[in-house]
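Enquirer: In this text, residue positions in the sequence shown follow our numbering: the first is 2, and each later residue adds one.
One thing to keep in mind: the hints can contain errors.
Pairs of lysine-lysine residues, derived as PhoX-like cross-links and limited to a Cα-Cα distance of at most 25 Å, are as follows [said to hold, decoys possible]:
#, residue 1, residue 2
1, K73, K17
2, K76, K17
3, K367, K315
4, K340, K84
5, K367, K340
6, K315, K340
7, K367, K304
Derived from the structure by calculation, the hints contain no laboratory data.
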Amino acid sequence: MYNEDIRLAIDVGSSKVCSVVIRRDNYNEPEILAIDVLPSESIHDGDVMNRSEATAAVRTSVEEVSNQCSLKFNKAYVGFGGKHVDSYSGWGRVSGFDFATGVIEEDIVQAVRLAANERIEATDHLLYATPTAYRVDDGTEFRKPPVGMHPESLEVEALLVVSDMEHYRTVFDAVENAGVTPIHGGSTLVAESEYLLSAYERDAGVVLIDIGGSDTEIAIYNHGRAAVFSSLPIGGFHFTNDIAYAYELPFENAEAVKLAAGTLVGDTIGFDDEIDPTALTGSERVIDVERSLTRVSVSNLLKERAAETMTMYKSRISQVPNLPDTDFLTVVFTGGGAKLTGLTTFAKVTMGLRGRVEVRKPMGIKSLPDDVSDPSMSGAICMGLRALDRIDRDNHVERKPITILHTASEDGEEPARDDREPAGVGAKIRSLLGR
2 MYNEDIRLAI DVGSSKVCSV VIRRDNYNEP EILAIDVLPS ESIHDGDVMN RSEATAAVRT
62 SVEEVSNQCS LKFNKAYVGF GGKHVDSYSG WGRVSGFDFA TGVIEEDIVQ AVRLAANERI
122 EATDHLLYAT PTAYRVDDGT EFRKPPVGMH PESLEVEALL VVSDMEHYRT VFDAVENAGV
182 TPIHGGSTLV AESEYLLSAY ERDAGVVLID IGGSDTEIAI YNHGRAAVFS SLPIGGFHFT
242 NDIAYAYELP FENAEAVKLA AGTLVGDTIG FDDEIDPTAL TGSERVIDVE RSLTRVSVSN
302 LLKERAAETM TMYKSRISQV PNLPDTDFLT VVFTGGGAKL TGLTTFAKVT MGLRGRVEVR
362 KPMGIKSLPD DVSDPSMSGA ICMGLRALDR IDRDNHVERK PITILHTASE DGEEPARDDR
422 EPAGVGAKIR SLLGR
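Taking the hints into account, I'd like the entire structure generated from these sequences.
Expert: Below is the structure:
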């Protein structure tokens, strides 16, 4: 196993730390070797409230996956998201093209670099950049790179995904202080967009909604191009808090009630049945609920919050210009909050959607345990897949592998790499960003 191209991905979420160990098998298929989910009170609303406790949470999670696969790791691919990640567009302009070749891919990369330099604030850290539009001398716009054309100048619009610099450094410090070197920090939402959405969906128009604990992240694609990556300050915990407040329950019991009895659909079977929140958690504490706690009362409470949430989603989607008829957009939900029963049906009705609406999770991954194969693990698993595909062949295991592909030659020269990085503009931009 030491000769494998093994990656460790760590997702520092809004309320938990997830670690995934992943590799490609002999058939080049992704395979999960270990996985761990650790709720952490040191992370609240996406903020690291206590740095030492956050470091301890990362260390504990990494130790758990290390024990599962009997390997020790010294570096990792780190993902995060939430309110500290945002996106905006910028334009970069280049000119002076070679007469023989016209516009080449390096010109587009340079334009993206100029757009980033112009728009990125000193307090931001660039996580991801992708060209979204091209414009030549007479104002003509193109969806695809105008490689080979001979304009006097070329303007490239780029979507820039950034993180608050302070949060970026705090997350990196937590990982590094846990004894693991973070080799790259990226947006989990970008990773989910790459691996949960098809190229056809991104071209036709699609919205990806990741409902986390404290916030919801939204990615919107149209004509194959990313239009926006943003977040809203509402998540699954707000639903739980409504139950806890209304029935004066501890948060743990309210969460159990939501998962076991909460629904957004009109199924009336057992709606009048009383719910025992103590029995749902196995707690010995006797909870005296003054209000009648039934499935129908819980459902009505959740529907009120869900209706408000869907209104926020639709409002955010409507702010994106040049989208096709939003009623026919494909909408994909993921994240832990997407497990609420009846979510897709409720979304279709309240948002007036006539396109495909579904809850999605990573699929086609070997050895993915059934108990973690759900939408709440999408971010961590997609970051693991991105670690396999978006950086040079590497090994995050502490012990040095013996294969020549991973070690320096005796005369000190770097050996040939078995890179899987795809060619093209996207690859060059990732190289520019150190991805």
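Enquirer: Determine for every hint whether it applies to the structure shown.
Expert: Hint by hint, here is what the structure shows:
no.: 1; hint: K73 to K17; verdict: 22 Å, holds
no.: 2; hint: K76 to K17; verdict: 20 Å, holds
no.: 3; hint: K367 to K315; verdict: 36 Å, violated
no.: 4; hint: K340 to K84; verdict: 21 Å, holds
no.: 5; hint: K367 to K340; verdict: 22 Å, holds
no.: 6; hint: K315 to K340; verdict: 20 Å, holds
no.: 7; hint: K367 to K304; verdict: 37 Å, violated
Hint compliance for this structure: hints 3, 7 are not met, and every other hint is.
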